[in-house]
Amino acid sequence: MLEIKNLHASIEDKDILKGINLSVKPGEVHAIMGPNGSGKSTLSSVIAGREDYEVTKGEIVLNGEDLEDLAPDERAHKGIFMSFQYPVEIPGVTVTNFIKTAINETRKANGLEELPAKDMLKKIRATAELLEIDRKFLSRSLNEGFSGGEKKRNEIFQMAMLEPKLAILDETDSGLDIDALKVVANGVNKLKSEDNAVVLITHYQRLLEYIVPDYVHVLHDGKIVKSGGAELALELEEKGYDWVK
Amino acid sequence: MDLKEKLEASFLAFENKVSTDIDSAVHDIRSAAFTYFEQNGFPTRRDEEWKYTSLKPLLKHDYNVFPEAETALEYAAVKKYFLHEIESYKIVFIDGVYSSFLSETTHDGYDVCLLSAALKRPKYKMVIDHYFNTIASKTDSVTSLNTAFSKEGAYIHIPKNTVLPKPVQILHFSTGNEANLLLQPRNLIVVGENSHVQIIERHQSLSKNVVLTNSVTEIFTNKRAIVDYYKIQNDNRAASLIDNTYIKQQQNSIASVNTFSVGGNITRNNLEFHQEGEHCTSNLNGITIIGEKQHVDNHTLVHHKFPNCESNELYKGMYADRSTGVFNGKVIVDKEAQKINAFQQNNNILMDDGATINSKPQLEIFADDVKCSHGCTIGQLDEDALFYMRSRGIPKKEAKGLLLYAFANDALEKIKIPELKARITKLIASKLGVDLGFDL
Chain A
0 MLEIKNLHAS IEDKDILKGI NLSVKPGEVH AIMGPNGSGK STLSSVIAGR EDYEVTKGEI
60 VLNGEDLEDL APDERAHKGI FMSFQYPVEI PGVTVTNFIK TAINETRKAN GLEELPAKDM
120 LKKIRATAEL LEIDRKFLSR SLNEGFSGGE KKRNEIFQMA MLEPKLAILD ETDSGLDIDA
180 LKVVANGVNK LKSEDNAVVL ITHYQRLLEY IVPDYVHVLH DGKIVKSGGA ELALELEEKG
240 YDWVK
Chain B
0 MDLKEKLEAS FLAFENKVST DIDSAVHDIR SAAFTYFEQN GFPTRRDEEW KYTSLKPLLK
60 HDYNVFPEAE TALEYAAVKK YFLHEIESYK IVFIDGVYSS FLSETTHDGY DVCLLSAALK
120 RPKYKMVIDH YFNTIASKTD SVTSLNTAFS KEGAYIHIPK NTVLPKPVQI LHFSTGNEAN
180 LLLQPRNLIV VGENSHVQII ERHQSLSKNV VLTNSVTEIF TNKRAIVDYY KIQNDNRAAS
240 LIDNTYIKQQ QNSIASVNTF SVGGNITRNN LEFHQEGEHC TSNLNGITII GEKQHVDNHT
300 LVHHKFPNCE SNELYKGMYA DRSTGVFNGK VIVDKEAQKI NAFQQNNNIL MDDGATINSK
360 PQLEIFADDV KCSHGCTIGQ LDEDALFYMR SRGIPKKEAK GLLLYAFAND ALEKIKIPEL
420 KARITKLIAS KLGVDLGFDL
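Quick note, the sequences are listed as chains A and B, same order.
Here numbering that gives the first Met the number 0 is used: position 69 in the first sequence is 68, and no number is missing along the way.
Here numbering that gives the first Met the number 0 is used: position 36 in the second sequence is 35, and no number is missing along the way.
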């Protein structure tokens, strides 16, 4: 599904990613771990198409298509979703209206009719229930005044609504207490299928107790320095990142 | 002959024509105002209050200053300019002349009618003597010019303990039958104790011919009265507006003016609140969205003269292309006016490199126990927010529009008539080029 080949990326002439190779197949869960400053968030931003970053070498291919020339919204239309580490507050646009707009724009881009209001409402309600989200929450302005946990839960809500092929969860566990973490993990697990894939980007092993990865990669100084199975995360937790440097 | 000379030549003829049917007090008011205008002329950019707004391009036209004949308009042709979704009183003028056909006035318990009638008929004399031209500035030459030629406009008098069951719409159409038209409507609105009125005002040109409107509105809110005033300024590019609004508030009254400036060529709003009693609240909200070479200037004044009062001011501006905006928000708190809460906020987004905003908060505070805050921001769209929205599949143009809409939203929230709110929201959305895929 996702093929990243020898990816180099920089911001303001500073090299951050220095040759990433990663292959993700449908149905898989990958975890990318690494210390602060290793390039984890840069990798997710570059996949999502953030224009501040310049891809200097290599390529990102999604289902056979090179993403290089695609804008962030076009990548979203192809099925990429990134959950933000720091979701942006957008006062004046409710959660419901935002997700309706996102879904219908995506459908439009894929040559589909807008989702009828009734179906939209049904889907919103079902998804909110799955993630134990209060209905009142849906009519609040997007992320405005949300707690850290509410913001993350809202990200997963959007993911569930948009049903991406590839979901990149950037530090989704940070700022979550254990109960919220369980709800979020439970949501991700329920949404996982043979047709989609998840890339978890995390500093800690904690999230991986609830969403068990098929592969774990360790990122250090812009490169993947070690890959393994779920057990690698435990080893990292025990020995620290110095172990793999 | 320039415009000032033409107005001077016209004044005598005007007075001769109307003086037979008005009382001498109003005649004296007009003469004094005219003398002031004659001596001072139109303001120029050397005048501090007009530093960023030049009337020069507007004054070069050869205006017709006396439209007389009533031009008929079919309701169907202008229906869209009315808030037709709800019942309302309507005071409609076509090229400055009252249109009885399009209007719906009343004298049933309260007066929603014409200033020309109120100036003529003896039964209104007391109200006219008591209120007319008592709050409008006598030292402002554009206001004085309007006063000198004041003859027609809306007259709304609500006695005490009356809540108007439906809003009043004041509409001024210009047809373009005159190549260049100068309009000077004059509105007088008096709201009695414990009474409540909602007013929607709009100036609309129906042709590409040049129109300059110099409007003056005086509003008096007596004890515990509530006035909600909405100004829809979405005129075409050949139409310019100088809108002067003066409000005098008695104790415990609440006056709110919402100004939506999204059209026109040059628009200048002079909005003044004078608080003449304790526990008054003054609310000023504005949204400006312009582009090309349009210009909108919001000059506001809140004068707190008594203790325990409040003012809330929120102006949002969005400027594209080479448009220019001005915000000048003056708040005066007199020495006696303790325990005042005065809040002022002016937020602006410049969408293009060529756009300009001149923002000037001006606080003159002489009392020592007050809470006054002001904030002014000028910025661009938040890139992080744009990326966030795009990463969810919302294309750049729509994301920008949605962000701007969201930026304007808290000023939209102040609209208390739901149908009007829906209308303005749609208008704002269309100005921002965003198709809101949801109901509001």
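Hint data in this document are derived by calculation from the structure and do not stem from the laboratory.
Every value quoted in this text rests on a predicted model; they were computed, and no experiment measured them.
In this text, a Cβ means the ideal position worked out from N, Cα and C, and glycines have one as well.
One should not assume that every hint holds.
Stated by the list, open to error - With the C-beta cut set under 7 Å, the calculated list includes, among others, these residues of chain A facing chain B:
| hint | residue |
| --- | --- |
| 1 | Ala-47 |
| 2 | Asp-65 |
| 3 | Leu-69 |
| 4 | Pro-71 |
| 5 | Asp-72 |
| 6 | Ala-75 |
| 7 | His-76 |
| 8 | Val-87 |
| 9 | Pro-90 |
| 10 | Gly-91 |
| 11 | Val-92 |
| 12 | Thr-100 |
| 13 | Ala-101 |
| 14 | Thr-105 |
| 15 | Lys-107 |
| 16 | Leu-111 |
Stated by the list, open to error - SDA-like mimics (lysine to any residue), calculated; alpha carbons at most 25 Å apart, straight line:
| hint | chain 1 | residue 1 | chain 2 | residue 2 |
| --- | --- | --- | --- | --- |
| 17 | B | Lys-79 | B | Ser-98 |
| 18 | B | Lys-396 | A | Ser-138 |
| 19 | B | Lys-395 | A | Pro-90 |
| 20 | B | Lys-396 | A | Glu-50 |
| 21 | A | Lys-135 | B | Asp-409 |
| 22 | A | Lys-39 | B | Met-350 |
| 23 | B | Lys-396 | B | Lys-329 |
| 24 | A | Lys-13 | B | Lys-425 |
| 25 | B | Lys-425 | A | Glu-143 |
| 26 | B | Lys-329 | B | Thr-355 |
| 27 | B | Lys-395 | A | Leu-161 |
How the hints compare with the structure:
{"no.": "1", "hint": "Ala-47", "verdict": "holds, 5 Å"}
{"no.": "2", "hint": "Asp-65", "verdict": "violated, 19 Å"}
{"no.": "3", "hint": "Leu-69", "verdict": "violated, 11 Å"}
{"no.": "4", "hint": "Pro-71", "verdict": "holds, 4 Å"}
{"no.": "5", "hint": "Asp-72", "verdict": "holds, 4 Å"}
{"no.": "6", "hint": "Ala-75", "verdict": "holds, 4 Å"}
{"no.": "7", "hint": "His-76", "verdict": "holds, 6 Å"}
{"no.": "8", "hint": "Val-87", "verdict": "holds, 4 Å"}
{"no.": "9", "hint": "Pro-90", "verdict": "holds, 6 Å"}
{"no.": "10", "hint": "Gly-91", "verdict": "holds, 3 Å"}
{"no.": "11", "hint": "Val-92", "verdict": "holds, 5 Å"}
{"no.": "12", "hint": "Thr-100", "verdict": "holds, 5 Å"}
{"no.": "13", "hint": "Ala-101", "verdict": "holds, 4 Å"}
{"no.": "14", "hint": "Thr-105", "verdict": "holds, 4 Å"}
{"no.": "15", "hint": "Lys-107", "verdict": "violated, 9 Å"}
{"no.": "16", "hint": "Leu-111", "verdict": "violated, 12 Å"}
{"no.": "17", "hint": "B:Lys-79 - B:Ser-98", "verdict": "holds, 17 Å"}
{"no.": "18", "hint": "B:Lys-396 - A:Ser-138", "verdict": "holds, 24 Å"}
{"no.": "19", "hint": "B:Lys-395 - A:Pro-90", "verdict": "holds, 18 Å"}
{"no.": "20", "hint": "B:Lys-396 - A:Glu-50", "verdict": "holds, 16 Å"}
{"no.": "21", "hint": "A:Lys-135 - B:Asp-409", "verdict": "holds, 19 Å"}
{"no.": "22", "hint": "A:Lys-39 - B:Met-350", "verdict": "violated, 33 Å"}
{"no.": "23", "hint": "B:Lys-396 - B:Lys-329", "verdict": "violated, 36 Å"}
{"no.": "24", "hint": "A:Lys-13 - B:Lys-425", "verdict": "violated, 45 Å"}
{"no.": "25", "hint": "B:Lys-425 - A:Glu-143", "verdict": "holds, 23 Å"}
{"no.": "26", "hint": "B:Lys-329 - B:Thr-355", "verdict": "holds, 20 Å"}
{"no.": "27", "hint": "B:Lys-395 - A:Leu-161", "verdict": "holds, 18 Å"}
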